[in-house]
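Student: Under the numbering used here, think of the first position of the sequence shown as 1, with each following residue one higher.
The hints are simulated quantities; they were obtained by calculation from the structure and are not laboratory data. One thing to keep in mind: the hints can contain errors.
[Stated by the list, open to error] Using 30 Å as the maximum straight-line C-alpha spacing, the simulated DSSO-like pairs for lysine-lysine come out as follows:
#1 LYS37 x LYS200
#2 LYS140 x LYS87
#3 LYS44 x LYS32
#4 LYS140 x LYS94
#5 LYS90 x LYS200
As the structure is a computational prediction, the values presented were derived from the model and not from experiment.
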Amino acid sequence: MSLGTFYTRNPNPRSYGIIAVAKILGLEIDVKNLDYKNKDDQQKLHRLNSLDQVPVFVGSDDFVLTECIAIALYVTSHVPTTSLLGKNRKDDHKIQQWMSFANSDLLPAIGGIILPLLGLPLAVRKNTQDCLRALHADFKLLEQQLQTSKYLVGDEVTLADYFTAGTMVFGVFVFHHLLRERYPRVLEWFLGMHEIPEFKEVVGELRFMEVPVPALEEDGESLEKLVDASSPSP
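Start from the sequences and build out the full structure, keeping to the hints where you can.
Tutor: Here it is as structure tokens:
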């Protein structure tokens, strides 16, 4: 029996980890991609979430839940014995800490750099340089954490790893050279997560892109190719 319907759009980095975890736990969820250009889909989304945002989860009992972190925790909690929620309350809160960081800090920083390169409007209240500074601070924090533990919360993979890695997918596509040069442990961790079959099935093959991206003004450069087309090595 299906746990419910998971409404998202493709691609959506906030959804990757949730879908992967459901697969890992053997939970059946019906994933439906909504098209923002389709009037019927827009109306359906608005009925489910007046903010017109995805993802949205609708349970088989008609329970409606919005916000990606809440959905991720709700879905994962349907297998009480899973280790993906940690071993104790401290682990549980650490998992939520990293998910919140990925959703509210890391992903907006990545999007704030990539979206202008695609000619899309900036969805955050920061300019590109602000986002670059935030991105380096975020990668540095992840690098420090992963130097001391195999995964974000100890030596076992948790929901935090799947969720955070999901938000990083497009960042790795674009910033893989930067990661390889400055934050190698972050790249090693991400590539290890990508080798998990269920996560790889959801994310697909990695595509390492060659695009010119702005460099930090503090580095004395206005534009630099921080990425190349070669496959990164941890």
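Student: Does each hint hold? Answer for all of them.
Tutor: Verification of the hints:
no.	hint	result
1	LYS37 x LYS200	holds, 28 Å
2	LYS140 x LYS87	holds, 26 Å
3	LYS44 x LYS32	holds, 12 Å
4	LYS140 x LYS94	holds, 18 Å
5	LYS90 x LYS200	holds, 29 Å
This entry satisfies every hint, going by the numbered hints stated previously.
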